[in-house]
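Colleague: Listed below are the residues making up each chain.
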Amino acid sequence: MPWPPSRSSPPSRAALRRDQSPHWPDNTDPEGPFSLSRRHFLAALAVPVIAGTGACGRPSQTTPYVAVDFRLPRRSTMGLFPAADYSVDFADLITRGFRELGVNVAGKRVLLKPNMVEYEPGTAINTHPLVVAGAAVACRRAGAADVVVAEGPGHRRDVEYLITSNGLYEQLKEHQLRFVDLNHDDVHEVALRSWFTGMRSLALPVELARADFIISMPKLKTHHWAGMTCSMKNLFGVLPGAVYGWPKNILHVRGIPNSILDLNTTVRPSLSIVDAVTAMEGDGPIMGKPRALGFVAIGTDFPAVDATCARIIGLDPQKIEYLARAGEFLGNIDDSKIEQRGERPSRYATQFEVIKALEGLRLSS
Amino acid sequence: MDSRLTPAAIRAALLAARNPDGGWPYYPQHASRLEPTVWALLALARDANRPAEIDVVVRWPGKDGWLVDGPADAPVNYPFNALAALACIDRPDRPGATQLVTTIAKQLVDVKGLALQQNDAQRQNNALQAWPWIDQTFSWVEPTAWCTLFLKKIKTLAIPGAAERIATAERVIRDRVCHDGGWNYGSSNVYGQELYPYVPTTAITLLAMQDERADPAVVKSLKYLEANVTSERSSVALSLSAICFAVYGLPIDAIGRALAGPAELSRVRENVLGLAMSLYALSENTHAMAAFTL
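As given, the protein sequences belong to chains B and E, one line each in that order.
If you use our numbering, the first sequence corresponds to residues 1 to 365, in order.
If you use our numbering, the second sequence corresponds to residues 1 to 294, in order.
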């Protein structure tokens, strides 16, 4: 059956991993829409001696993460692969991407994490089910030991409705794929590997821990709070709604850029496959307009993938807060350090419509 | 196996999904969780026309007077506590049930979502504080609806402060209603765009507002639900709509037919929450939706 979620024994209390990271003081006194103010965020960073250590494991005055845990690659490689519409054979396209980028999933338990928030006909809110199915087939062809599709929608908690209405259910059935509802999966406490949010741990779905190769599969969209949603923001969907509620507001209150960083440092996904065949411009991530772009982006360096996608839609990665911070320790956002396979970004370069509040994020002419 | 969502088939699936600790998971062979456990207890009891076996709820792991769902460090989920207490209201015969109801009620009165500064992006009153899902977050519609319904159900207990909290919650519910009726997770308009309402959230919120039927927000939301009730063909959406319609005295035959339609069960067999809600909704003739009726 495609619908049943994972079948595993409930974890024992003893098996729950206890958080060992230092405590970060509560400082939630938001001044903007759902988020910590810059002032409070900086105040939080002013006490990092208890929160992080710097190079060589020594206490740091500046980084809310252990610097030696993260190493910027000298160069990053990613690919842009043409897909004019959704009639393309995505299994072939993604197989080509694996080959060109040297992606190896043989023997791995792969978790595909699409972006599904809610569904309305005629919109481009969700990762297209055919791209998800194509990735699953490509992983199986490449020798993956197991492939599962998993998501915890951020607005809708009724996944039965969501996956049947958006067409994913038919693909799960056709390809005999398991779907795991991350909102309602078993959870365990996981220590965060960075503390931008000021949180020390999160309860996360156990299915994430079972996977040894997590593929983020976002839909490229503008995002009216974060600027853009792509590989990294897509990880909001791993937070279990049954624990934290909908719309996973703790991530907003603690600051969306901060939360993006903490989730990415902690979950450490292996690969990004971006559905930019039809993207979303304007008032994304829900109310924007579909915009044909015609490619799938694939890469292992998430900041590099997101930065490239940002430039393609006319946004400056250095002006998108989560990307600017990620570029300091998680991956490359500098164009000169990103080697492109497949098509050149200039082939797709355009200017997305953005809401007025995001006009300042545009690339300088 | 029967592919129709009949009460007998659901009952069998629900009983098979029960964990040895007496609770139910969201999906079989997972850990017991509060929300599906409460729904399963209500559904199985009412299906058999007897009181719910609430002992598993009363002895649920707790901390500081709250029922804790998930790891010990997980935040307290306020609406699921309200739902659990709701199931215990009519069971003074069970040891601990009355204390659980009053303890959770008194504590819920003191729980408030964060008050945020007003901003231009959202068409809503951010100063209003109803209920959040968890501590240190904003007020949202579903938790506000469940907590409101619970406190309204126990009005006779005269919990200090409850009346004021209910009044504020109703203001929040009116404030967040979508332009053409219905509610979503909690924002009806962002950056000038009217956001979409959801069927399940609308049904839950209408249950919380069942004693305010002339309220314009209720009137237009009921119209929205009537027009869209079978547009979201899932066990959860259809079941909550059926419960809501029955409480409002509207016919539920069409919803029942959609709920029990062929091939539905194969899709939801593993969705314990959907199964439990479906069984409760399909057993209306035995309980008249009493657990959710004021």
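Hint data in this document are derived by calculation from the structure and do not stem from the laboratory.
Treat the hints loosely; a few may be bogus.
No farther apart than 30 Å at their CA atoms in a straight line, the calculated lysine-lysine pairs in the DSSO-like style are these [stated by the list, open to error]:
#, chain 1, residue 1, chain 2, residue 2
1, E, Lys152, E, Lys223
2, E, Lys220, B, Lys289
3, E, Lys112, E, Lys152
4, B, Lys289, E, Lys152
5, E, Lys152, E, Lys63
Simulated coverage check for chain E against chain B, where a stretch passes if three residues somewhere in it have a Cβ under 8 Å from a Cβ of chain B [said to hold, decoys possible]:
#, region
6, 97 to 106
7, 151 to 160
C-beta: ideal position from N, C-alpha, C; glycine also.
Colleague: Failing hints, ascending?
Modeller: Violated hints (numbers, rising): 4, 6, 7; every other hint is consistent with the structure.
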